[in-house]
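**Q** As you go down the protein sequences, you meet chains A and B in turn. Residues in the first sequence are numbered consecutively from 1, following our numbering. Residues in the second sequence are numbered consecutively from 1, following our numbering.
Since the hints were made in silico from the structure, they are not lab data. Errors might be hidden in some of the hints.
Partial pick of chain B residues on the chain A-facing surface, computed with a CB cut under 7 Å [to be verified]:
#1 P57
#2 G59
#3 A61
#4 G65
#5 T66
#6 A73
#7 R104
#8 G106
#9 G107
#10 P141
#11 E165
#12 P241
#13 T244
Each residue gets a CB set at the ideal place from its N, CA and C atoms; glycine is no exception.
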Amino acid sequence: MSEGRGDSRRRTRSSRGRSTADRDGSPERRAREGGGRGNRSRSSGRGAGSGSVLTWLPPPGRRTEEPIHERLSLDPATLRSWYRTLLIARGLDEQCERWHGSGRLRFYVPSAGNEVVDLATIGATRDGDWIFPSFRHMSIPLLRGATPREVLDAILGNANDPARGRQLPAQSGHPAHHVLPPSNARATHLVHAAGCALGMRLRGEHQLAVATCGPAAGSTPDFHTALDVARRTKAPVLFVATQSRGVAAANPMLVAHAKAHGIASARVDGTDIFAMVKASRDAASHARRGAGPSLIEAVRPKPSGNGDESAIDPIHRFRQYVIDIGMADADGISALEEEVATELEATAEEALKTPLPAQESRFGDVCLQEPPTVVAPRALDIAEGSRA
Amino acid sequence: MTTMTMIEAVRSALHDALASDERVLVFGEEVVDEGGVFGATRGLGEAFGAERVFDLPVGEAGIVGTAIGLAMAGMRPVPEITFGDDLFASFEQITNELAKLRYRSGGRFSSPVVLRASIGAGIHGGPNLSQSPEAYFTQTPGLQVVVPSTAADAYGLLIAAIRGEDPVLFLEPKSLYHPVRDAVSKEEIVSIGSARIAREGTDVSLVTWGAMVPLALEAAAAASEESGWSVEVIDLRTLAPLDTPTLLASVEKTGRAVILHEAPRTGGFGAEVAAQIAEQAIEFLEAPILRVTGADTPVPFAFEDDYRPDMGRLQAALRHVVEF
Numbered sequence: 001m002s003e004g005r006g007d008s009r010r011r012t013r014s015s016r017g018r019s020t021a022d023r024d025g026s027p028e029r030r031a032r033e034g035g036g037r038g039n040r041s042r043s044s045g046r047g048a049g050s051g052s053v054l055t056w057l058p059p060p061g062r063r064t065e066e067p068i069h070e071r072l073s074l075d076p077a078t079l080r081s082w083y084r085t086l087l088i089a090r091g092l093d094e095q096c097e098r099w100h101g102s103g104r105l106r107f108y109v110p111s112a113g114n115e116v117v118d119l120a121t122i123g124a125t126r127d128g129d130w131i132f133p134s135f136r137h138m139s140i141p142l143l144r145g146a147t148p149r150e151v152l153d154a155i156l157g158n159a160n161d162p163a164r165g166r167q168l169p170a171q172s173g174h175p176a177h178h179v180l181p182p183s184n185a186r187a188t189h190l191v192h193a194a195g196c197a198l199g200m201r202l203r204g205e206h207q208l209a210v211a212t213c214g215p216a217a218g219s220t221p222d223f224h225t226a227l228d229v230a231r232r233t234k235a236p237v238l239f240v241a242t243q244s245r246g247v248a249a250a251n252p253m254l255v256a257h258a259k260a261h262g263i264a265s266a267r268v269d270g271t272d273i274f275a276m277v278k279a280s281r282d283a284a285s286h287a288r289r290g291a292g293p294s295l296i297e298a299v300r301p302k303p304s305g306n307g308d309e310s311a312i313d314p315i316h317r318f319r320q321y322v323i324d325i326g327m328a329d330a331d332g333i334s335a336l337e338e339e340v341a342t343e344l345e346a347t348a349e350e351a352l353k354t355p356l357p358a359q360e361s362r363f364g365d366v367c368l369q370e371p372p373t374v375v376a377p378r379a380l381d382i383a384e385g386s387r388a
Numbered sequence: 001m002t003t004m005t006m007i008e009a010v011r012s013a014l015h016d017a018l019a020s021d022e023r024v025l026v027f028g029e030e031v032v033d034e035g036g037v038f039g040a041t042r043g044l045g046e047a048f049g050a051e052r053v054f055d056l057p058v059g060e061a062g063i064v065g066t067a068i069g070l071a072m073a074g075m076r077p078v079p080e081i082t083f084g085d086d087l088f089a090s091f092e093q094i095t096n097e098l099a100k101l102r103y104r105s106g107g108r109f110s111s112p113v114v115l116r117a118s119i120g121a122g123i124h125g126g127p128n129l130s131q132s133p134e135a136y137f138t139q140t141p142g143l144q145v146v147v148p149s150t151a152a153d154a155y156g157l158l159i160a161a162i163r164g165e166d167p168v169l170f171l172e173p174k175s176l177y178h179p180v181r182d183a184v185s186k187e188e189i190v191s192i193g194s195a196r197i198a199r200e201g202t203d204v205s206l207v208t209w210g211a212m213v214p215l216a217l218e219a220a221a222a223a224s225e226e227s228g229w230s231v232e233v234i235d236l237r238t239l240a241p242l243d244t245p246t247l248l249a250s251v252e253k254t255g256r257a258v259i260l261h262e263a264p265r266t267g268g269f270g271a272e273v274a275a276q277i278a279e280q281a282i283e284f285l286e287a288p289i290l291r292v293t294g295a296d297t298p299v300p301f302a303f304e305d306d307y308r309p310d311m312g313r314l315q316a317a318l319r320h321v322v323e324f
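Pulled out of the complex, with its shape left as it was, chain B reads as follows (with noise of 0.2 Å):
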């Protein structure tokens, strides 16, 4: 057991990729020299050589149509897109040949490719790399949509993405790259499709996956001190498939149901999760469904961390379904 950033996890994930399996590729734009704008992929080329690790033109929608083309010829592609906002040049790629093939071909073909990117604000990027487009693809059937919150979520659903015969597209909070250290197990496994309850609770369930975790759990343990509720933070982990049942289970013990996350509100997966709720456990609910996200604005750079939901805001939608 070690400690490490999630960026590190995320390295270190790819590194025992490529050391375990030589099906495994990584590429992208400049992750050779620079180990991508990141560092994720810092020092694989050197430690893996140019056939296994290497650099492809600048252009998103090459970078998966070539990814798809390497499945097919019995490669594991890991190819990274820099910025998640990058993924609408590749749209086409991803939501109709790399989720479909597998159903359109009867099961007879598939494509394992794992699509890593940074998502969310977090670095002042501004409207066009602060973005958090997990809602666009979790709308396509075929994809699983992957957003982990911890180091040790990153390497272990890393890990199992690689491992995995379906398209994974694995978005990064870069805002998470950096600032925490976590105990990262390298036996442990996640599950695909697997949400975490990261705080256990009984007055309310807070819903959030990826940049905004540490934000809720900051906001149930301020809540547990100041006024004593219990907030349950269930992390989602991965958007699609999404755990139903472990959501339905905390929702059914609070009765109490907020949704926080860092894309904008309207049509955001939290729409998703709320609708899940009320079609399946409405009968639970002792409050409305609440929803703490983003605005419906792009990502201003100046004022970046106001566009962000914060505790302010987040303290008082659980003041008002505890309080309902």
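Looking at chain A on its own, in the form it has when it is part of the complex (with noise of 0.2 Å):
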């Protein structure tokens, strides 16, 4: 046992005081000491606040040649793709940035910089447990079985578009993959997690549900329900919070706020593929062993001295590991960035040819019998419309 790591866990532990969930083998302690095959697990303070963070790729900008995915038994054909998903998912929140640059799309919530922590968190999932995601995780449709083709007439709403243009171009949902459309809310969503992970407990059903939501959650009642909801019926549920860069004054440590409700809780490197993964599958496995809900807090470290944001890019973080453990070098990667990004691009310009839905659909799907004050104005807009 390394000088490190006893050093790690009592600075860990003064710092943190020892809650219940610690004792009882909280993700984030067993994601601690499940780097502790030697020194390798950190937890750092760096660039969050206080309170220690888990992660395992070395700092931005510094290498290294210990192949960190071993200890997760990944193999290299997982990694490249991992590496090819992120790409994908990268390549589409770029495309819909340029069309809303461009006045193509309207409305946009961008989605980069948490591909790392959908995949990590899906990952952890199996096909019969439900995901509630909120804006900014347009990789999930994706990890869950979505095609980049449907993801961009999800954003795009049009006549392919299940929802019909109805979303504010968003993630749409989709019942065989268990994923949830997402509304503008902040953390109504957190309960529904929190519901469903019961109904599936109530079932009989070793499942679970995961949530995601932004630093602005850990603000609302909402979230508070849910964690209190969540600990009070013992559902199965993770919920995943991803924090601003460097943390925000103005946002809590949502850890505290899940230590404070009684729930496990980790805080992670949300920008570390290895960390993330590691505390996901932990977390996954707490609630399937029916041991109740907990929280990830992924944190995104600040950027180093020089201040380039591609150092704490999770997609670049990931790129400059492969190449520096030697599986692959920058061209090797640079021709599949070159092939999915001419990949995007087709599908994108197919996605566009696509019409909107008929503008008829829109009176569609108020309830399951359509109520007769749909159909009246409809009468009279169309009439409207037909004299325009």
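Given two chains presented individually in distinct reference frames, assemble the corresponding complex, making use of the accompanying hints.
**A** The structure is reproduced here in structure tokens:
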């Protein structure tokens, strides 16, 4: 056992106290210990205010030759497929940003920066689990089985969008993938996730619900309601909160809220794919074995002194890692990036050619049985439309 | 056919729904031990166990949000919000989430939640335990808003609501929970969206719902006896979707309409009823459409009876339109 690990744990203990969740074997503690086969796991407060942050990759801008992925029994093929998925997710976001900039999309909520968080948390889920995403997590549908084309159709709200262009541009949900479409509320869906998890537990199913949220969620009553309901009903739910870069003073430290509610929690570097995978797997198994809810606060470190933003880009950090350990070279990766970009360009072009849904469709799906008051104005609207 | 009070009919419907469909769950604030403040769920916890009937933390947003999540997991949640006034604590969950999920998902998701709440005056609960909040919710597409006025309708509509595929706000007038026993047929399912002609008449249509139905019937009987006027009483039962055909057919027949509700006047659902009549049947009218309503004030504790519409005000309105 190394000195480094011991130091890390002592520091963490003294600064954080020992909550029930800690003694209970929280994901955070287990995550810290999971890396404990040697001096591997570092808890660092860097750029994240007080409180330790689980991180396995070297600090941004530094290199490692240690195959960290082997701690998680990941093979090179998986890493390659992950990188491709991350590229697609980022590429779709960049495409939407371009459409937004050019006026093609009149509203867009970007997702860049959360791809690794999504990959890790969704990677810990199974088919029967339910996902309740917030905005800014466009990669979740992709990771649950949607195609890039389906993602873009939903963003454009075109005739192929199953939601028929009714949502503001966002990822659409899919019943078969067990993914809900996000509403624009900040934390209402966290309560839904708790309720859904309770429902699955009542049905005797060993599935879990996962909900993502942003830092502002922690300031809403719904956030606390969700944690309260989940704890009291021992619901198998994982809340994943992404924290702003460097943790803005206005945003509360969400793990502190979780501790106050008596819920297991972990603070993790959300740009470190391996730390996120480790924490997500632990949280998922925590829920599946009946230990109840937990929360992961995924933080983003501050950029290093030179202000190089790319150094704290989660995809860039992953890219740097596979090059550093010699799994791929920059040329090979560039070729893959080129290939994905070309594919997405073609997909985007096709999606743009798809017309809007039929005007008539906007009146449907208010209720299963259409209320008569929807029918009457429709007749008026259509008459007016034909006059114009 | 048995006779029941409205609270017994609600309890009976919950019992029968729990017995016939294992997806049905009943929960809320202290619904197990006490059966809720009004006793609607009394005995259900013992009969069906803690996995079907349970308490949640006191917090209406949590109760409604949990219900939506339970519906995603395939359940049929029938949560209780003790006082309709507390629906406001879950307003966002109801209006932004519960009501809109079907629409914004293109019909691929729905939230079949039946949310029960007691409404209106009747217990001298003052400004925050006596409100009639229906109009806040009829403005939200995707919600069905039901207000029964008899035990038979409470039973039949609650069963229909639980069997349905869309969210229902089931508002029970607390002043009608106990006073009257009605015959209840368990075979009679009442369709949501259908108004009831509570008394037939030819001179004036008195349109009302919920707590005001008994007063309307009393006024109609008195008008017949004292003045010989034939007052048709329409109990809307469901406010959303509104049964406009029944409403318009009545007004076309009588040529006069008085609307009666307990909620405040301005922006009350009566305004919508009046607008429907004005837009679609104005050529049949022989008198202005009048509203008899609660005052545009909160419900005052010491003056609750004065706040509510009474026989004198209702009779004056009927006289005005008949003699116009």
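**Q** Taking the hints in turn, state whether each one holds.
**A** Each hint tested on the structure:
Look at P57 (chain B): its Cβ gets to within about 5 Å of chain A, closer than 7 Å, so that hint holds up. Against a cut-off of 7 Å between C-beta atoms, the interface hint on G59 (chain B) holds, since the closest Cβ of chain A lies about 6 Å away. Among the interface hints, the one on A61 (chain B) holds; its C-beta lies about 5 Å from the nearest C-beta in chain A, closer than the 7 Å criterion. The criterion of a C-beta within 7 Å of any C-beta in chain A is met by G65 (chain B), whose closest approach is roughly 3 Å, and the hint holds.
Residue-level restraint check for T66 (chain B) holds (minimum Cβ-Cβ distance to chain A is 4 Å; threshold 7 Å). A least Cβ separation of about 3 Å between A73 (chain B) and chain A falls short of the 7 Å threshold, and the interface hint therefore holds. Given hint, R104 (chain B) at the interface with chain A, holds; its Cβ is 5 Å from that chain's nearest Cβ, closer than 7 Å. Evaluation of the G106 (chain B) hint against chain A yields a held restraint, the C-beta minimum of about 4 Å falling below 7 Å.
With a cut of 7 Å, the hint placing G107 (chain B) at the interface with chain A holds, because the nearest CB-to-CB distance is about 4 Å. Taken as an interface hint, P141 (chain B) checks out: its beta carbon lies about 5 Å from the nearest beta carbon of chain A, inside 7 Å. Against a cut-off of 7 Å between C-beta atoms, the interface hint on E165 (chain B) holds, since the closest Cβ of chain A lies about 5 Å away. Interface restraint check for P241 (chain B): the shortest CB-CB distance to chain A comes to about 4 Å, inside 7 Å, so the restraint holds.
At a threshold of 7 Å, the smallest CB-CB gap from T244 (chain B) to chain A is about 6 Å, leaving the interface hint in force.
Of the numbered hints listed earlier, not one is contradicted by the structure.
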